[in-house]
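Start from the sequences and build out the full structure, keeping to the hints where you can.
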Amino acid sequence: MGKYWNEEIECMEPEKMRALQSERLVKQVRHVWDNVPYYRKKMEEKAVTPDDIKGIEDLHKLPFLSKADLRDAYPYGLLAKPLSDCVRIQSTSGTTGKRVVAFYTQNDIDLWEDCCARAITAAGGTNEDVCQVCYGYGLFTGGPGLNGGSHKVGCLTLPMSSGNTERQIQFMMDLESTILCCTPSYAAYIGETLHKMGYTPDDIKLKAGIFGAEPWTEEMRQEIEKSLGIKAYDIYGLTETSGPGVAFECECQTGMHINEDNFIAEIIDPDTGEVLPDGTKGELVFTSITKEAFPLLRYRTRDICVLTRGKCKCGRTLVKMAKPMGRSDDMLIIRGVNVFPSQIESVLLKMSNASPNYQIIVGRENNTDTFEIRVELTDEMFSDTIRSIEELERKIGQDMLSVLGIKAKIRLVEPNSIPRSEGKAVRVIDTRKLV
Amino acid sequence: MTVKQLSIFAENRPGRLSAITKLLADNGINIRAMSVADTKDFGILRLIVNDADKAVAALKAGGCAVTVANVLAIQIPDVPGGLAAAMQVLYDNNVSVEYMYSAFVSEKSAEAYLILRADSNEKAEEAFDGKYKLLSQEELLNK
Numbered sequence: 001m002g003k004y005w006n007e008e009i010e011c012m013e014p015e016k017m018r019a020l021q022s023e024r025l026v027k028q029v030r031h032v033w034d035n036v037p038y039y040r041k042k043m044e045e046k047a048v049t050p051d052d053i054k055g056i057e058d059l060h061k062l063p064f065l066s067k068a069d070l071r072d073a074y075p076y077g078l079l080a081k082p083l084s085d086c087v088r089i090q091s092t093s094g095t096t097g098k099r100v101v102a103f104y105t106q107n108d109i110d111l112w113e114d115c116c117a118r119a120i121t122a123a124g125g126t127n128e129d130v131c132q133v134c135y136g137y138g139l140f141t142g143g144p145g146l147n148g149g150s151h152k153v154g155c156l157t158l159p160m161s162s163g164n165t166e167r168q169i170q171f172m173m174d175l176e177s178t179i180l181c182c183t184p185s186y187a188a189y190i191g192e193t194l195h196k197m198g199y200t201p202d203d204i205k206l207k208a209g210i211f212g213a214e215p216w217t218e219e220m221r222q223e224i225e226k227s228l229g230i231k232a233y234d235i236y237g238l239t240e241t242s243g244p245g246v247a248f249e250c251e252c253q254t255g256m257h258i259n260e261d262n263f264i265a266e267i268i269d270p271d272t273g274e275v276l277p278d279g280t281k282g283e284l285v286f287t288s289i290t291k292e293a294f295p296l297l298r299y300r301t302r303d304i305c306v307l308t309r310g311k312c313k314c315g316r317t318l319v320k321m322a323k324p325m326g327r328s329d330d331m332l333i334i335r336g337v338n339v340f341p342s343q344i345e346s347v348l349l350k351m352s353n354a355s356p357n358y359q360i361i362v363g364r365e366n367n368t369d370t371f372e373i374r375v376e377l378t379d380e381m382f383s384d385t386i387r388s389i390e391e392l393e394r395k396i397g398q399d400m401l402s403v404l405g406i407k408a409k410i411r412l413v414e415p416n417s418i419p420r421s422e423g424k425a426v427r428v429i430d431t432r433k434l435v
Numbered sequence: 436m437t438v439k440q441l442s443i444f445a446e447n448r449p450g451r452l453s454a455i456t457k458l459l460a461d462n463g464i465n466i467r468a469m470s471v472a473d474t475k476d477f478g479i480l481r482l483i484v485n486d487a488d489k490a491v492a493a494l495k496a497g498g499c500a501v502t503v504a505n506v507l508a509i510q511i512p513d514v515p516g517g518l519a520a521a522m523q524v525l526y527d528n529n530v531s532v533e534y535m536y537s538a539f540v541s542e543k544s545a546e547a548y549l550i551l552r553a554d555s556n557e558k559a560e561e562a563f564d565g566k567y568k569l570l571s572q573e574e575l576l577n578k
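Top to bottom, those sequences are chains A and B. Residue numbering for the first sequence follows this note's numbering, beginning at 1 and increasing consecutively. Residue numbering for the second sequence follows this note's numbering, beginning at 436 and increasing consecutively.
A hint or two may mislead.
Stated by the list, open to error - Pair by pair, the computed Cβ-Cβ distance ranges are:
{"id": "1", "chain 1": "A", "residue 1": "Glu372", "chain 2": "B", "residue 2": "Ala545", "range": "49 to 59 Å"}
{"id": "2", "chain 1": "B", "residue 1": "Ser555", "chain 2": "A", "residue 2": "Asp330", "range": "45 to 55 Å"}
{"id": "3", "chain 1": "B", "residue 1": "Ser544", "chain 2": "A", "residue 2": "Ile429", "range": "46 to 56 Å"}
Since the hints were made in silico from the structure, they are not lab data. In this text, all values refer to a predicted model and were calculated from it rather than measured experimentally. By construction, the Cβ of each residue, glycine as well, lies at the ideal position given by its N, Cα and C atoms.
As structure tokens, this is what we get:
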């Protein structure tokens with residue numbers, strides 16, 4: 001097996017790729033127009049019909065979709081196939097009360113897994129490899145996506161899911177895993193645990209890791225590569241477009257190749273929505289041109305990044321995206337989970353006596369994100385026993401966990417102790433320095 | 436008969452006790468009894484003061500979270516076993532103490548004064564009835 005999973009696509013002449021994208025886009029717009037009244041209405045509001053979309057050059061005429069649309073249309077509003085044709089759902093960790101639910105036909109699953117197979121192959125994976133998948137399995141796309149890709153490539157797949165790190169390392173040694181798939185922070189933690197258990201990278205057979213679902217730095221990459229004795233590859237994706245594998249890194253480690261036969265990428269000005277030329281920093285927008293059940297057109301990811309075209313040293317011609325350099329909204333990614341400050345506010349507002357004055361403190365200790373929510377205590381919340389205050393902290397903590405899907409340390413603080421700048425409280429302090 | 440106690444929430448960071456006590460000093464408040472309960476992240480400063488209403492107003496104006504609770508002030512003999520006997524009375528009557536601390540007393544007094552909050556202050560009062568003297572706010576402040 002060579003270094004490409006699908007050489008024809010991955011190394012396709014740019015003109016040919018553009019023609020393929022155009023052809024698929026035209027078909028996809030028609031499919032959405034015919035089957036998704038929600039999007040059709042948006043097109044009608046912009047006075048655009050499928051006849052106006054003759055190719056990729058007309059893409060800019062289409063309306064955008066945002067996270068807010070996904071919420072409005074929850075759960076079936078953007079579904080383009082009868083449920084009887086769907087075989088799977090996956091879901092995000094949830095935003096302001098409502099989750100994003102994505103639907104897949106069997107064909108959608110096949111194409112998604114194919115994208116993941118390209119990522120595994122680009123990381124050197126073949127059917128000789130043992131691929132240990134420690135992304136979470138379940139509604140989260142990480143586990144199922146890489147698991148499927150690993151099957152396609154023919155790796156012996158270890159569906160470990162996350163957690164129980166010593167057992168992970170035991171399996172890694174006993175079954176001689178060669179490829180590790182997980183979040184970068186978990187990879188760093190596995191590396192640390194390995195050393196704590198008294199082993200060195202020479203004691204394991206790992207050669208490559210495919211890490212994504214959260215931001216990570218070049219320094220972190222070097223640290224992981226050293227502690228596990230591997231080459232670390234980045235992978236990008238989002239539930240809205242399928243999951244991991246929308247883009248993947250090759251051995252050059254200079255950006256992630258976007259699977260352009262399935263996704264058209266654009267960079268826009270987040271304020272005006274205007275399309276920006278390649279090489280300009282802006283918000284990344286994806287159009288799914290092969291998905292059947294949940295085909296999002298011009299979906300605004302809110303990730304800020306840059307696209308680079310031109311043939312890569314690896315031989316691929318697929319456009320490359322840089323690591324996202326930030327967000328055009330206030331979303332935080334904490335331990336791989338998407339967190340919006342508005343979710344925290346909604347939890348506090350629902351508690352009759354809690355103050356909506358809060359502050360989120362995110363940091364990183366030992367390569368794991370720390371997440372603390374400080375809530376200003378009001379007279380109404382305060383009773384004079386320690387027990388009742390601790391009870392309140394526990395209650396807030398449980399409510400946060402059920403809405404955010406991630407555990408936060410709750411710390412009650414004195415009234416007016418959260419710093420305000422120009423009357424507006426500073427809601428987020430993120431000291432991770434990821435960009 | 437109960438007395439008013441102020442509870443003030445204080446984060447565990449340098450300068451908090453200093454700021455709160457200064458606020459009281461600046462408003463001419465005298466502290467007659469106090470305790471600090473602490474956890475890893477925060478503490479509760481409990482106070483009996485000469486003018487509870489004035490103290491609450493000053494603390495609130497100073498941005499503190501403060502609440503008022505009714506507690507019992509009992510007089511016990513300042514001798515070995517004095518406290519043990521009082522606790523035995525509560526235990527015999529199935530009353531639990533939530534927290535307890537002693538009030539400031541002059542050296543020459545033969546009595547000690549104990550501030551306590553029970554799971555049921557009423558039951559505690561009944562238990563002490565006829566055995567121990569409970570002090571009113573005024574009596575406590577004039578000791």
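Quick rundown of the hints versus the structure:
1. Glu372/A <-> Ala545/B: 49 to 59 Å: Since the Cβ atoms of Glu372/A and Ala545/B sit about 51 Å apart, the hinted range of 49 to 59 Å holds.
2. Ser555/B <-> Asp330/A: 45 to 55 Å: 48 Å, holds
3. Ser544/B <-> Ile429/A: 46 to 56 Å: Cβ of Ser544/B to Cβ of Ile429/A: about 52 Å, so the range 46 to 56 Å holds.
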